[in-house]
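There are 2 protein chains.
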Amino acid sequence: MIGSGLLIAGLSQCDLALGQSPDEKDLIFRTTDPRNAEPALGDLVKHWITPVKHFYVRSHAPNPVIDPESFTLQVEGLVKKPLTLSLDALSKLKQHTVTATLTCAGNRRAEFNKEGKVGGVQWQAGAIGNAKWTGVQLADVLEMAQLTDNARHVWFEGLDEIKRDNGTIPFGASIPIEKAMQTEPDIGALLVTQMNGRPLTADHGFPLRTVVPGYIGARSVKWLGKILVSDQPSTNHYVATAYKIVKQTKPLDWKEAGPIYRFPINAAIAADEEISLGPGTFRISGYVLPSGISGARIRRVQVSTDSGDTWVNAELTGAEQDYCWRLWNAKIKVTESTTEVIARATDTKGGFMPYRVPWNAKGYLQNSWYRVPVKVQ
Amino acid sequence: MIGSGLLIAGLSQCDLALGQSPDEKDLIFRTTDPRNAEPALGDLVKHWITPVKHFYVRSHAPNPVIDPESFTLQVEGLVKKPLTLSLDALSKLKQHTVTATLTCAGNRRAEFNKEGKVGGVQWQAGAIGNAKWTGVQLADVLEMAQLTDNARHVWFEGLDEIKRDNGTIPFGASIPIEKAMQTEPDIGALLVTQMNGRPLTADHGFPLRTVVPGYIGARSVKWLGKILVSDQPSTNHYVATAYKIVKQTKPLDWKEAGPIYRFPINAAIAADEEISLGPGTFRISGYVLPSGISGARIRRVQVSTDSGDTWVNAELTGAEQDYCWRLWNAKIKVTESTTEVIARATDTKGGFMPYRVPWNAKGYLQNSWYRVPVKVQ
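Protein chains in written order, with the working numbering: chain S, 1 to 377; chain Z, 1 to 377.
Hint data in this document are derived by calculation from the structure and do not stem from the laboratory.
This structure is a prediction, so every number in the text was calculated from the model and none was measured.
There could be a bad hint or two in this list.
One copy or any two copies: either way a pair holds, since identical chains are not told apart in the list.
Here are the simulated PhoX-like cross-link-like pairs (lysine-lysine), alpha carbons at most 25 Å apart as the crow flies [claimed, not checked]:
#1 K163 <-> K331
#2 K117 <-> K163
#3 K25 <-> K53
#4 K349 <-> K117
#5 K226 <-> K163
#6 K114 <-> K349
#7 K349 <-> K247
#8 K94 <-> K80
#9 K349 <-> K250
#10 K250 <-> K333
All chains should be built: construct the whole structure from the sequences, respecting the hints.
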């Protein structure tokens with residue numbers, strides 16, 4: 001098993017001793033090679049800080065096996081002092097801990113299939129999680145490397161090897177220099193070694209990953225091996241082509257679309273694909289994430305059991321912080337005529353969940369009203 | 001009057017003899033310096049081909065006065081043979097006529113003000129028009145200039161002089177190379193000298209302009225003086241900063257947003273800001289534009305007089321062609337309880353007018369349900 005070496009390196013061996021993959025009981029695997037998995041929503045909304053075992057995993061290739069002793073991070077491109085940093089060197093820089101929600105741009109992708117098949121990992125609503133990330137500010141590292149005047153974007157490259165066409169490419173991302181240089185209290189990006197106070201697991205990028213609060217998960221590159229400063233966005237496949245909103249997967253369509261950076265507002269109800277209930281009053285719960293903009297806060301989560309004719313405000317729980325989700329619960333009234341429960345939300349930066357999201361070929365950014373069919377018994 | 005010299009050069013002098021601007025009776029001026037004007041909607045929807053006098057005008061600076069005898073177009077950048085082309089040289093290349101709708105990305109901008117003030121020209125729904133454009137295929141000119149292998153985007157620069165900061169800049173745009181190289185029957189871009197069979201007027205770019213079917217009007221640069229082939233999108237203000245969907249006008253927000261190229265589906269009802277009617281049955285009309293994608297056709301225009309509870313299908317008129325609008329009319333029933341007429345539309349490429357469009361700081365791409373308040377007498 002590819003992950004084993006890393007688990008040994010990064011974490012305890014207890015789970016391995018059980019003789020089974022430690023996470024198949026905690027996550028629903030959409031694909032196993034590469035590893036792509038999301039938690040059951042009931043598990044997900046139990047904690048404001050998502051336990052690592054219930055944190056979704058998104059990979060494009062097998063987890064690379066990295067020796068932390070010999071590992072180095074390269075910093076190059078439009079900098080006056082290129083750097084080669086060991087984990088030890090990174091550990092001597094000022095450490096910061098930031099709580100931030102990561103969510104896959106493809107979260108809720110499967111809902112697009114009603115209108116037209118979309119490829120890619122068939123995520124339901126669990127490709128999201130909130131964790132405490134510890135590491136160094138990207139800005140501090142770039143400061144050490146001394147940006148040149150024409151620095152405009154910062155590229156990240158993973159140490160994974162993704163098979164494409166005739167060769168392999170790393171997973172790559174980039175972020176605008178203005179975001180990269182943001183420092184406390186609104187840190188633009190962290191170079192992370194710890195998740196929820198423990199070393200990263202292999203699935204989450206051991207030994208080093210990027211975390212970019214407010215941006216889609218794809219910009220938070222795992223197994224980070226290289227930082228390259230450039231005058232333009234990364235030319236890596238996952239910036240120049242994938243992770244864009246397109247109607248067709250043709251060169252012109254890719255070129256016309258800009259890379260996705262921030263995540264939009266989103267919410268889900270923690271329920272199975274269908275709920276079976278008798279008429280009566282019930283309490284339901286879920287999560288809600290404001291737009292990935294500094295200062296955005298959830299204004300309101302509303303639920304409806306009569307097809308949107310009337311709405312009930314949900315109660316919000318969990319801390320209210322930049323780039324972090326909240327949890328919610330609401331009392332709903334199910335009647336003989338109820339056919340579904342609907343949830344929608346708005347935030348303080350003008351974000352709202354629309355009635356419908358335009359279909360796109362890769363199934364990104366599905367954040368329409370969240371609907372769960374109800375079967376009244 | 002700045003326009004006069006050009007009107008003499010480009011068109012007849014009849015109107016000038018009247019001693020007044022020829023177009024103040026035909027267009028509603030939102031600003032006069034620079035000239036920004038839209039027709040009354042009642043005038044606009046009378047003809048599938050919009051008469052030049054009722055075609056909206058969008059300018060960022062005074063109309064430049066250009067001598068057609070000495071005028072040349074420069075073609076440079078990533079080409080093996082840079083070109084300098086006179087109007088005479090252009091006239092000897094194969095001429096094409098394409099009917100295409102142009103629309104300002106800011107059409108219907110004023111509607112955003114209900115949610116929060118947006119700057120810029122306060123367009124209502126008249127910043128749109130459909131015309132016959134005659135000129136040469138951009139692809140033919142680029143073919144002559146011989147693109148190098150790293151050609152990725154084609155920049156256009158106008159001869160207008162827009163005051164910004166301490167100096168002046170030309171209006172600029174760029175389009176992806178894949179669009180630029182499209183030829184008949186789906187011409188990507190035309191270098192246009194004639195509009196509706198007559199030389200361009202000063203307001204519409206005399207003597208030469210770009211027309212990019214399917215794209216927002218801002219990519220169809222007027223008074224075209226230079227074409228530059230590059231490996232990246234134009235760095236001109238109107239590509240790198242303006243004409244983007246942003247929540248705030250800050251460097252990071254601009255960097256995070258890609259340039260807008262295609263226009264989305266849109267429609268309007270040709271009526272004043274408020275309609276006064278008695279109860280009864282009436283016929284209303286309007287325009288509808290499918291998404292700026294090859295092959296997109298209007299599926300349906302629907303109108304409602306009961307706040308969206310029930311919808312009536314409109315009748316579509318006018319030719320059905322790529323990148324062109326259609327006109328529509330519908331019989332509506334106004335009752336004592338009618339408070340507004342609403343129009344919405346869908347197209348064959350998944351385009352639909354949403355209930356609501358997220359507010360953006362520059363007020364672009366407003367294409368939500370079109371609403372006209374009704375006062376029942």
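Alpha-carbon proximity between K250 and K333, which holds within one copy, between copies, both or neither at 25 Å: neither (47 Å within a copy, 45 Å between copies)
Quick one: K94 to K80, C-alpha cut-off 25 Å, is that within a copy, between copies, both, or neither? within (22 Å within a copy, 52 Å between copies)
State whether the alpha carbon distance between K25 and K53 is at most 25 Å within one copy, between copies, both, or neither. Intra 9 Å, inter 70 Å, cutoff 25 Å: intra-copy only.
State whether the alpha carbon distance between K226 and K163 is at most 25 Å within one copy, between copies, both, or neither. Within. Shortest intra-copy distance 19 Å satisfies the 25 Å Cα cut-off; inter-copy 42 Å does not.
Up to 25 Å CA-CA - K247 versus K349, copy category: between (27 Å within a copy, 8 Å between copies)
When Cα atoms must be at most 25 Å apart, do K163 and K331 count as within-copy, between-copy, both, or neither? neither (48 Å within a copy, 58 Å between copies)
First find the shortest C-alpha distance between K349 and K117 inside one copy, then the shortest across copies, and answer within, between, both or neither for a cut-off of 25 Å. between (32 Å within a copy, 14 Å between copies)
Measure nothing new, just compare the shortest in-copy and cross-copy C-alpha distances for K117 and K163 to 25 Å and report within, between, both or neither. within (24 Å within a copy, 49 Å between copies)
Using 25 Å as the alpha carbon limit, work out where K114 and K349 are close: within a copy, between copies, both or neither. Answer is between; shortest inter-copy Cα gap is 15 Å, intra-copy 30 Å.
Intra- versus inter-subunit Cα pairing at 25 Å for K349 with K250: Result: close only across copies, 15 Å inter versus 33 Å intra.
Checked against the numbered hints listed earlier, the structure breaks hints 1 and 10; every other hint is satisfied.
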